[in-house]
Amino acid sequence: MTANTEIFQLLPHLVIGVGIVLSVVIEISTKKSESILPWFTILIFVFAGAHSIINVYDYQILFGGMYAIGGVTAIFNFIFTIGAAIMVLNAVDYIKKSKMNFGEFYILVQSSVLGMMLMAGARDLFMIFIGLELMSICFYVLAGINRSRMGNTEAALKYFLLGAFATGFIVFGIALIYGTAKSTSIDQIVFAYEYFITDVLFLTGLALFVIGFLFKIAAFPFHMWVPDVYQGAATPVTGLMSTTGKAAAFSVLIIILSAVFTQNITNNFEILFAVIATLSMLYGSIVAIAQDNLKRMLAYSSIAHAGYMTIGLAAGNIESVSGIIFYLTAYAFMNLGAFGVIALIEGSNEENLDINSYSGLNSKSPILAGFMALFMFALAGIPPMAGFFGKYYVFVASIKADLTWLAIVGVFSSAISVYFYLRVVVYMYFKDSTSSIIIKNSFTGLLAVIISGLLVLVFGILPDTLFSIITSVLSY
Amino acid sequence: MILEYILFAILGLVAVVTSVAMITRPSPVMSAIFLVLNFFALAGLYLLLNAQFIAVVQVIVYAGAIMVLFLFVLMLLNTDSEHAILKEKRKLKFIGIFIAVLVFIQIGYIVFYSAPSDSVTKEIAESINAGKIETIGTELYTTYVLPFLASGFLLLGATIGAIVLAMKKFE
Chain A
64 MTANTEIFQL LPHLVIGVGI VLSVVIEIST KKSESILPWF TILIFVFAGA
114 HSIINVYDYQ ILFGGMYAIG GVTAIFNFIF TIGAAIMVLN AVDYIKKSKM
164 NFGEFYILVQ SSVLGMMLMA GARDLFMIFI GLELMSICFY VLAGINRSRM
214 GNTEAALKYF LLGAFATGFI VFGIALIYGT AKSTSIDQIV FAYEYFITDV
264 LFLTGLALFV IGFLFKIAAF PFHMWVPDVY QGAATPVTGL MSTTGKAAAF
314 SVLIIILSAV FTQNITNNFE ILFAVIATLS MLYGSIVAIA QDNLKRMLAY
364 SSIAHAGYMT IGLAAGNIES VSGIIFYLTA YAFMNLGAFG VIALIEGSNE
414 ENLDINSYSG LNSKSPILAG FMALFMFALA GIPPMAGFFG KYYVFVASIK
464 ADLTWLAIVG VFSSAISVYF YLRVVVYMYF KDSTSSIIIK NSFTGLLAVI
514 ISGLLVLVFG ILPDTLFSII TSVLSY
Chain B
35 MILEYILFAI LGLVAVVTSV AMITRPSPVM SAIFLVLNFF ALAGLYLLLN
85 AQFIAVVQVI VYAGAIMVLF LFVLMLLNTD SEHAILKEKR KLKFIGIFIA
135 VLVFIQIGYI VFYSAPSDSV TKEIAESINA GKIETIGTEL YTTYVLPFLA
185 SGFLLLGATI GAIVLAMKKF E
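Sequences listed follow chains A and B, in order.
Plus 63 on top of the position in the first sequence (first one is 1) and you've got the numbering used here.
Plus 34 on top of the position in the second sequence (first one is 1) and you've got the numbering used here.
So here's chain A without its partners, still in its complex pose:
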């Protein structure tokens, strides 16, 4: 197949790419772009997501081994696009009320999603790097898009500096990998992985590369930026960064280490990942207990969740990959839902972020309280919510890899985390309202919360719908 026709195999990417350019044109040409662009963005996201999930079994390598479509990539694309669509739905009223209502917001969201999709499909270190930069640069700007607020600028600057630092690690890693493997093609690296890994330089390069991405997934020793950035950035943006951004980084880790997962090669990073997973889970869960600010609490909880997913990387077998992907899907929708509720309650100047603002929420808005409780239960990992099965699959995979102690630490840490998740529920249902918070009606915001709530329930009650797709896709 020539490159001329190959490009049409990338229909979801093309739609989003053309969408970005069209959005720029819409933004320039009409004054009403702010009311057109969100719906246009959602339309292209839903199309790209649906196209990806329909063609999930159509696995192809394109552009001479540069790029892959279908398979795991399609599932990741589904997470990115549908997650971003929910976030845009949530952001429509949010960015109006925080007075940053301009169309560029949506263009940046589209660009960041395109970057994530390029990362997930990349079969070449070049592509990974360009996709990562596209995603990261859009995130830096999105984190600081509301310059009228100090915390926002602080978040953007911290995110940018530490993100650039992490990128430095990744580039050094790529240089060393290229120097020893003499190729940037991941297929070639994976093919001769067993031979390369004996080379200290290759191992160093791979370790640097992995550490760079551990920054992006916010695992323990590389988590310093997370609380401030997640708290400072606009709430829907935080939702996007913490879910789809994390999924994109995990997609790269899964691809680069795929030799370990599929060919039964000794996992050189097993101890590294196991230690990082343990520290992230315990640190995230324990520090989150002390947080009264809900966004900060969810930031620490996201460090803990990164830890649970890293268990899968430590286990290093095919079950763990499907576990991680299921976990990422579940986490994306439950976290987006939780941030969606926070965005509706926090008020026009982010003043109602404290847990006391949630006291007696049930009497004011039973729907929001119900969904918040659903997301908290899901994040805590209580069945039949999707979060439970995410943890379950990852723990089972780690037991299969003789890492039972890691699964026990995981269960222990989940038990700790129940405390701070259920604290929110207790405040909502069993405390009398102390503050007079007016919850503004936002149809789109509520719709976003309902959709993510339904997805969490569907993946929780019928986990096999998604899990069977993931396992069958991974088997070839």
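Treat each hint with caution, since some may be false.
Some, not all, of what chain A presents toward chain B, calculated at C-beta under 10 Å [stated by the list, open to error]:
{"id": "1", "residue": "70"}
{"id": "2", "residue": "203"}
{"id": "3", "residue": "445"}
Every beta carbon over 10 Å from chain B, so not counted as near; a handful from chain A, in silico [to be verified]:
{"id": "4", "residue": "174"}
{"id": "5", "residue": "194"}
{"id": "6", "residue": "217"}
{"id": "7", "residue": "263"}
{"id": "8", "residue": "270"}
{"id": "9", "residue": "287"}
{"id": "10", "residue": "345"}
{"id": "11", "residue": "415"}
{"id": "12", "residue": "420"}
{"id": "13", "residue": "426"}
{"id": "14", "residue": "430"}
{"id": "15", "residue": "463"}
{"id": "16", "residue": "478"}
{"id": "17", "residue": "520"}
{"id": "18", "residue": "532"}
{"id": "19", "residue": "538"}
Just so you know, the hints here were simulated from the structure itself, not pulled from any lab data.
The beta carbon of each residue, even a glycine, is placed where N, CA and C say it ideally should be.
Given the structure of chain A, go ahead and fit chain B onto it with the hints provided.
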């Protein structure tokens, strides 16, 4: 052949003179201008080595874009304080000399001791047109077409981001 040696001598001389001038000028703006001249001389040397693309990039990116940015920053900042710093912190000078000697030893080692690769001679480089823009363009539009397109979106995203962050007024 003779012409090549003459050109090499001239360009090399210009490169050396301008780099010495660069570090000895008291005014940073003058230093920057000498550095631009140095880049032009280096670009000429690259041309002699049949690396047209690097030569062009050297002029456009380094001499054109980066150094102009440098000059703007130097002119905007108050640069008189540089001498005071050097007088106060004498140790800085020694660190500078140390690093310079280190780099010099490295380059000396590469030139005199490490064997140059036999497989890539100048003739081979000429015959496969490795340094030509045409060759690089062909690769860019065939093997690397997808990263090339993606970098376009990266630049677009960065431009939009810069505009968003630099916009003065919020509604």
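So, going through the hints one by one against the coordinates:
1. With its C-beta approaching chain B no nearer than about 8 Å, residue 70 of chain A sits inside the 10 Å limit, and its interface hint holds.
2. Proximity of residue 203 of chain A to chain B holds as hinted, the smallest CB-CB distance being about 7 Å (cut-off 10 Å).
3. Hint on residue 445 of chain A is violated. Least Cβ distance to chain B is approximately 39 Å, over the 10 Å limit.
4. With a cut of 10 Å on Cβ distances, residue 174 of chain A falls inside the contact zone with chain B, its closest approach being about 4 Å.
5. The non-interface label for residue 194 of chain A is inconsistent with chain B: the shortest C-beta to C-beta separation is roughly 7 Å, within 10 Å.
6. The Cβ of residue 217 of chain A sits about 14 Å from the closest Cβ of chain B, beyond the 10 Å cut-off, so the non-interface label holds.
7. Annotated as non-interface, residue 263 of chain A keeps its C-beta farther than 10 Å from every C-beta of chain B; the closest such distance is 21 Å.
8. Against the 10 Å criterion, residue 270 of chain A stays outside the reach of chain B, whose nearest CB is about 24 Å from its own CB.
9. No Cβ of chain B comes within 10 Å of the Cβ of residue 287 of chain A; the nearest lies about 23 Å off, and the non-interface call holds.
10. Against the 10 Å criterion, residue 345 of chain A stays outside the reach of chain B, whose nearest CB is about 36 Å from its own CB.
11. Separation of residue 415 of chain A from chain B is adequate, the least Cβ-Cβ distance of about 22 Å exceeding the 10 Å criterion.
12. The Cβ of residue 420 of chain A lies farther than 10 Å from every Cβ of chain B, with a closest approach of about 26 Å, so its non-interface assignment holds.
13. The beta carbon of residue 426 of chain A is kept farther than 10 Å from every beta carbon of chain B, the shortest such distance being approximately 36 Å.
14. Against the 10 Å criterion, residue 430 of chain A stays outside the reach of chain B, whose nearest CB is about 31 Å from its own CB.
15. Non-interface call for residue 463 of chain A relative to chain B: holds, since the shortest CB-CB distance, roughly 37 Å, exceeds 10 Å.
16. Residue 478 of chain A, annotated as away from the interface, keeps every beta carbon of chain B farther than 10 Å; the closest lies near 42 Å.
17. With a closest Cβ-Cβ approach of about 35 Å to chain B, residue 520 of chain A is found to remain outside the 10 Å limit, as its non-interface label requires.
18. For residue 532 of chain A, the condition that its CB be more than 10 Å from all CB atoms of chain B holds, with the nearest at approximately 26 Å.
19. Listed as outside the interface, residue 538 of chain A is consistent with that label: its C-beta sits roughly 27 Å from the nearest C-beta of chain B, beyond the 10 Å cut-off.
Violated hints, listed in ascending order, are 3, 4 and 5; each of the other numbered hints is respected by the structure.
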